[in-house]
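Undergrad: Following the hints, put chain Y in place on chain X, whose structure we already have.
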Amino acid sequence: MSEAEKSFKVVLLGEGCVGKTSIVLRYIQNTFVDKHVMTQHAGFFQKNINIAGKRVGLTIWDTAGQERFHALGPIYYRGSQGAIVVYDITDADSYTKAKNWIKELKAMLGNDIVLCLIGNKCDLEKSRVITLEESEAYAASVGAKHYGTSAKLNKGVEELFLDLTKRMLTKSTAIPTISGSSNQGATTSNRQDRIPIVPENENSQEGKTCCK
Amino acid sequence: MDSEDLYNNVFLKTLKLKYPKTFQVIESSCYMLCIPHSLSLYGMNITQHVLESHILIGSKFYQDEYETYNRNATYTIENSLIIDKADPSKKIKILFDEICYNKDFKPYRFFCIEYPLVGGTGIKPSISMDGEDFGLISRPQKPTFDHSKTFLLSPSTPCNRIIINKLDDDLGRVQNEIGVLTRTNESQLLEQLKRLHEKYLDDLVCANVEYKELRSNERQMNNLSMHLESYIFGKIGKYVYNGLKDIHREKNNFYYEKMLMLSDLSLEDMGVNGAFSVHMTKALEAMFHFQHQDLTPIDKLLTVIQASSEIETSIKASSLLQLSDQTLAITGDEAFPLISFLLIQTHPRNLESDLQYCINYILSKISSTSLEYNLINLQASLEHIKQLIEANQNKLDQQAAKKVQDEQTLLEQQTSSSSSQQSIKKPPFNLPTYLSSNSLLSSYTSNNNNGSGNLSSFYSPSTSTIIPDSASFENHSNNNNINNNNNTKSPLSPNNNNNSSYQPTINRYLTNNNSSFSPQPPPVSKYNASNPFPYQKYTKPPSVISLDDDEGDPW
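Each protein sequence line maps, in turn, to chains X and Y. Per my numbering, the first sequence starts with residue 1, numbered consecutively. Per my numbering, the second sequence starts with residue 1, numbered consecutively.
Watch out, some of these pointers could steer you wrong.
As the list claims (entries may be wrong) - Examples of chain Y residues lying across from chain X (beta carbon under 10 Å, computed):
#, residue
1, 101
2, 110
3, 271
4, 384
Source of the hints: derived by calculation from the structure; they are not laboratory data. Small disclaimer: the values here were computed from a predicted structure and weren't measured. All residues carry an ideal CB built from backbone N, CA and C; glycine is no exception.
One chain only, chain X, in its complex shape (with noise of 0.2 Å):
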């Protein structure tokens, strides 16, 4: 790898069945099935981008979009520099959860990682119960940018990864690190690396928590 080479960590997430993985799969190999054969270890991809002359190696980690499997999202998500949390346009539930999700990276993260709230499924425009102009004005406020795709139709798709790529590559390099040098890449030794994953009262026995 060349020394300008920059790498970013992306995670996906989003309630089950939204179409994450068909997302990174139109991305990563241009195709789309309902259902998946995959080629690779579904879960993990990478892709090598070329912006401007600087080269960028994106991983994409995609996650498991259960409920009961959210309060794992924190060993996922935690070195990200940027998120893609994904909703279906035509299910209101879905549009909570990535709410929730994205409530959650603010919390957890602040402001060190890119925020791309996704409305998926446009090619189901007739069935669209969240209106573009609601999802825009909240991503819009919570400091996220918002993306209507189709992984089946192909849209919007590669335009979203390069706006997100762009962003984090802005963030990477106005970011001074501790030392007062520029945040070379995003490996996993910066900062969001040191989100300490213990419970938040360590003599529980009973290892209650407060999350939902």
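TA: Quick look at chain Y alone, frame taken from chain X:
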């Protein structure tokens, strides 16, 4: 990740450095650039004519038709093949593509192609091309001690022998200094190992001109790092692992017992599509190797990956044979629940130690690689198992209570029978389902019939009654304490033939020269109700983000 790194490709480098204006034209006009794979460039003279013949401009009239920049040829692109329009038999495969954006963020593409469109010599390089990486330092396919030793001490690198001998001495010294590994001195050991790894990596690079030339190639250097790491853990892995077993004994016992009790959970119970069940057999077999103590940390992680890939292979095989209408795939939704399932079914005797071994003792850089993802999945699996333990606490409590009751009954029987000088017959294995670890265990142990396995320690307390096998304890005269399980042998950690040629002096190992380990039933009274210790739980993280200084990467 594709093995070819385009930014190290000589063809692209030549274009950028020798013909920057041509490269600027590609960028500004968003032309397509075909870059022959490094392996196909051997002996090739990269002239301007050759370079221009690899720049493709899309036709204004026909989709998928392209003309070269120097207008010498026209190609079409179909199904990842570049086909010469003048000679359709000339087909060159596109290996992968990379998207690029110019200063105005307009996209253009690099295509990595199998052979040059023109100018190729067809000569293959003489350097071995085993493995997926091309270069002097191949990635260790299986990061074992033997493999790394063969590589590091190969006749082509004679200087390495001196360095490795010094490393052996240093590793012995570290073991002597640390002595018995405890929670207190574990960080000291880790620091020393990191330091040694770093130092000897530098030494190897300095001693070999060929390695020096590859210093700027991170991938090659990481391969060397993995070889060195495998060597180090081939030497002292057992010492480290045995120490970790002692340090985390309580948690190991806790998870072991709970996993045994959870082993009747179905895939659906764990949040995974039940259709995966028919694809688990080979994966379970692979997963049994996870708990072997002769493995390096990376190798341990690779067994988990291997288990996942066995599921994928099985799915592919059955879809090829059209045995199933349903197309299954391991997506992000299933990745770690499947590992949880495999762990529960194989119930590694030292799960916490295994995890800590993988988390802390991988010295090479694995960030931004699939290894890191799989390590995180392994961590998530343990958290998932903790959740399952909590969710099934009532059931587990009932089982524990029943176990205590059964034990008391059996102990009474044992007392009466021993008084009458009768031997106690061990209860038979209770095999709940074909997916149960027990069925695989029996096949595993029969395949690894070393005659040393203490099978009595492996039946499930949830499904059969436990009698601490007094005979097995007698075999280990120095180990009368049921908790002191360091000197016994596990059928799932079989034989432990040390493939290390390293023969440390006796005082190096002190009391830690235990070659194996046996899962003894943990003291029931200690675990019969709820969790005996507050385990870490991955929940909503605290709201404080530490801004402490970054730890330096060992690499």
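Undergrad: Each hint: holds or not?
TA: Against the structure, the hints come out as follows:
| no. | hint | result |
| --- | --- | --- |
| 1 | 101 | holds, 5 Å |
| 2 | 110 | holds, 8 Å |
| 3 | 271 | holds, 6 Å |
| 4 | 384 | holds, 7 Å |
The structure meets every hint from the earlier list without exception.
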